[in-house]
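Next come the chains, spelled out residue by residue.
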Amino acid sequence: MTTSIKQLPDIEQVLSGNGACGGCPATMALRIVGKALGPNAIMLLTPSCSVASMGMTPRLGYNWPCINICFATAGSSASGITHALEIMQEKGRLQGELPTVFTWVGDGGTYDIGFQALSAAAERNDNMIFFCYNNEAYSNTGVQRSGATPRGSYTTTTPSGKRQQKKNMALLMLEHNIPYVATATVAYPGDLYDKVAKAKSISGMKYIEILAPCYLGWQFDMPETVQMSRMAVRSGAWLLWEAENGKISFNKPSASIINGKKDAAPVDEYLMKQGRFNRLLKGPDAAQRIAEIQGDIDREIAFMRERAQITI
Amino acid sequence: MKSVTKAYRPISWPTKGAGGDTGSWRVRRPVVNTQICNKCQICWVFCPEAVIDRNEITIDYRYCKGCGVCATECPTGAISMEKEE
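If you're matching them up, the sequences are chains A and B in order. Counting in our numbering, the first sequence runs from 1 upward without gaps. Counting in our numbering, the second sequence runs from 1 upward without gaps.
Just chain A, same shape as in the assembly:
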């Protein structure tokens, strides 16, 4: 049973008046994450929009101890802090419950630049939660292509649309045999809250990826952030699932798409609302481009359906 909105706790870890854009999906998601993690946590940030959102020194927009680190070192820095905390507890210099160590990293710091440190941390199974808020481009530097950018999407470095498919990063992390992997998005806050609360209770490496539709990068209207996130799930372009000890289970509403009870909505409406696809879907090859994107989504759904059958 998913936690309802009225059951969410009052605690606010993202403070009003931070430096994020209006309608930012990253702070939207981080608020829900904060409700699940509570104040006893240490946050690590690599260069991303969330670092800019912290505000100006000597003020801080997040109510956690925050550490800004190099782009490629999210996994290794979090490992170091976890080990230090464990040793401090062993020596009696730290009393009470250990703080949760978590990283708040964009898709560039996870898919591309930070991947080797993340992979190594996952292989060591260090006790941390790795959050990736995925806005499908390097939005902080002005929207460049990343490993998470889907096929056919406009970015400043792919002016005629990206020609390659995006990676399935959550599945890659699952193949590291870590205790918990999950995907979530901002339109389903109860689902996100449950996943973070579950990850907090498990020891070892946890990976949670949150789809965060950035209105500047995706080029849609600012108030439609949550709608876009919902459309991504309903069209099957983003699947909500979690895997505990390697067993994949799908969450509503992706579960009904996977088990065939409900067809995924056609991808056209989702694409046409976003300027990053829309601007390239005006020429004579529009139908072929849409078919390619739809093909990627169908293949991903079929693959994940079969992958979930493997429970060994």
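Keep in mind that the hints were calculated from the coordinates and are not lab data. Careful: at least some of the hints might be erroneous.
To be verified - Here are some, though not all, of the chain B residues that point toward chain A, as calculated from beta-carbon distances under 10 Å:
(1) C64
(2) G77
(3) A78
Claimed, not checked - Derived pair list, reagent style BS3-like, types lysine-lysine, alpha-carbon separation capped at 27 Å:
(4) A:K252 to A:K262
(5) A:K262 to A:K247
(6) B:K39 to A:K6
(7) A:K200 to A:K252
(8) B:K16 to A:K6
(9) A:K273 to B:K83
(10) A:K273 to A:K166
(11) A:K166 to A:K282
(12) A:K198 to A:K6
(13) A:K6 to A:K200
(14) A:K252 to A:K6
(15) A:K252 to B:K39
For glycine and all other residues, C-beta sits at the position ideal for the given N, C-alpha and C.
Let chain A serve as the given structure and place chain B on it in line with the hints.
Relative to chain A, chain B alone:
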């Protein structure tokens, strides 16, 4: 705060308004019609800025950036975006 030794003191402390009075960024202001509002708290959960009071459904205009997510998500249409004067 005083128990932290100087060498380990952080540079920044959590404060509201770390980006300044962000209410000045606003172009349109959300206004809640309390007669239609059924206090479902959907606006509160989706507000990226945490400026909506959960129980009273009032908005802190000092920091509200006027993104309009609350007005779009409101199921009863109780929040309208009005022009800033």
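Comparing the hints with the structure gives:
no.: 1; hint: C64; in the structure: 8 Å, holds
no.: 2; hint: G77; in the structure: 13 Å, violated
no.: 3; hint: A78; in the structure: 15 Å, violated
no.: 4; hint: A:K252 to A:K262; in the structure: 11 Å, holds
no.: 5; hint: A:K262 to A:K247; in the structure: 23 Å, holds
no.: 6; hint: B:K39 to A:K6; in the structure: 10 Å, holds
no.: 7; hint: A:K200 to A:K252; in the structure: 22 Å, holds
no.: 8; hint: B:K16 to A:K6; in the structure: 24 Å, holds
no.: 9; hint: A:K273 to B:K83; in the structure: 25 Å, holds
no.: 10; hint: A:K273 to A:K166; in the structure: 20 Å, holds
no.: 11; hint: A:K166 to A:K282; in the structure: 23 Å, holds
no.: 12; hint: A:K198 to A:K6; in the structure: 19 Å, holds
no.: 13; hint: A:K6 to A:K200; in the structure: 21 Å, holds
no.: 14; hint: A:K252 to A:K6; in the structure: 19 Å, holds
no.: 15; hint: A:K252 to B:K39; in the structure: 25 Å, holds
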